[in-house]
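Construct the entire structure; sequences and hints are all you get.
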Amino acid sequence: MIGRILTGRELNFALRLLLGGMLIYASWSKVASPQQFAMSVRAYEIVPFSISNLFALCLAWAELGVGVLLLLGAFTRSAAAASMMLMAMFFVAIATVLVRGMVVDCGCFGSEGGSTTGPLLLVRNAFLVLASFLVMRHNDGMFGIDGLLRGR
Amino acid sequence: MVKYFAGGLAIIVVAAGIGLAQNAMRSRPIKLIQTIEPVSTASHDSPAVDSTDTAKSDDSGEQSAPQGSVSAEQTLALLQGGAVVILDARAPSAYADGHIPGAINIPYDKLPDYLDVLETSAAPNEKVICYCWSPTCDFSDQLATELKLMGYENVLVFTGGWDHWTAAGYDTEKGTGE
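Those protein sequences? They're chains A and L, same order as listed. Per this note's numbering, the first sequence runs over residues 1 to 152. Per this note's numbering, the second sequence runs over residues 1 to 178.
Everything labelled a hint here was simulated from the structure, so no lab data went into it. In this text, a Cβ means the ideal position worked out from N, Cα and C, and glycines have one as well. Mixed in with the good hints there might be a few duds.
Claimed, not checked - Here are the simulated distance ranges between beta carbons:
1. D140/A / S40/L: 52 to 58 angstroms
2. N154/L / F49/A: 20 to 26 angstroms
3. A95/A / S93/L: 23 to 29 angstroms
4. I5/A / T172/L: 58 to 64 angstroms
5. T136/L / D140/A: 53 to 59 angstroms
6. L72/A / K127/L: 48 to 54 angstroms
7. R9/A / P92/L: 44 to 50 angstroms
8. S93/L / L149/A: 51 to 57 angstroms
9. P48/A / S27/L: 26 to 32 angstroms
If you want it as structure tokens, here you go:
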């Protein structure tokens, strides 16, 4: 029963829209103000200081690109795999901050957000990793460019 | 499944490439590689020591202080001179409980939210002192580093921070500063 729900095309369509919309929203202010996003990246103290701007810029655009593709349903499974890698990376980053006893502004939604790192954020990211996995595994192109090209 | 991950990596690389190209076309592109060294005056090596003793050794032994670091006594002298802006890098709750008189609260971990406050408080050509809790606290160093990246030319760190200030018995004030 649960397996059927998780593999259902309606749920996967909804998860695709959720992930795509969220990634676009999250990336918007980061793309507009990469310098500010770089400050958030540096606060995690994971990425080497010298390349923190480069990393922040690339990450912001990666989120935007993956979000747009998911929303449009183009290269959907690959985009979902990219989303899964990004969300897993965020999960590890937040976990390492928690292990080190730090509390930093998560920077998740650029300058639009205000949440700090904490266990709840880990749970949210774990859900997003799972959602990305389900879309990668079961998306059938419903209401997306992939589906249109395949005649669905 | 491997092909999806390979495709995912390709999407990330292409999107990042578009970002780099867009940055190159901006009128004020961000600098991709930082060439300045991060400010580092905090110490995590020494065990916890009595803060009064540390304050004394800082005040008397300027030679042992890291470059760009000032003691409680020097901070007080600069504040009395008047030509300096002092920034408290701690959380707003800590700032409200007590801070150095005249300090502006710029919590390092929420810096992007406080850029407006920073810009109205200190011009890039002004002398700025950052402080946080104690010699083991990194926030003042990190705030000083961000200020340097933003073009502030004269940034100092009061490494002893709040612990040394109160241990020295100097004046403090409470409140949110609003």
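Hint by hint, here is what the structure shows:
1. Judged by the Cβ atoms, the range 52 to 58 angstroms given for D140/A and S40/L holds: they are separated by roughly 53 angstroms.
2. At about 21 angstroms, the beta-carbon gap between N154/L and F49/A stays in the expected band of 20 to 26 angstroms.
3. Between A95/A and S93/L the Cβ separation comes to about 25 angstroms, which falls inside the hinted range of 23 to 29 angstroms.
4. In this structure, I5/A and T172/L meet the distance hint of 58 to 64 angstroms, their C-beta atoms being roughly 59 angstroms apart.
5. Checked against the hint of 53 to 59 angstroms, the C-beta distance between T136/L and D140/A comes to roughly 55 angstroms, which is consistent with it.
6. Checked against the hint of 48 to 54 angstroms, the pair L72/A and K127/L passes, with Cβ atoms roughly 52 angstroms apart.
7. Checked against the given bound of 44 to 50 angstroms, the beta carbons of R9/A and P92/L, roughly 48 angstroms apart, stay inside it.
8. A beta carbon spacing of about 55 angstroms between S93/L and L149/A agrees with the range 51 to 57 angstroms that was offered as a hint.
9. Roughly 28 angstroms separates the CB atoms of P48/A and S27/L, a value that falls within the hinted 26 to 32 angstroms.
In summary, this structure violates none of the numbered hints.
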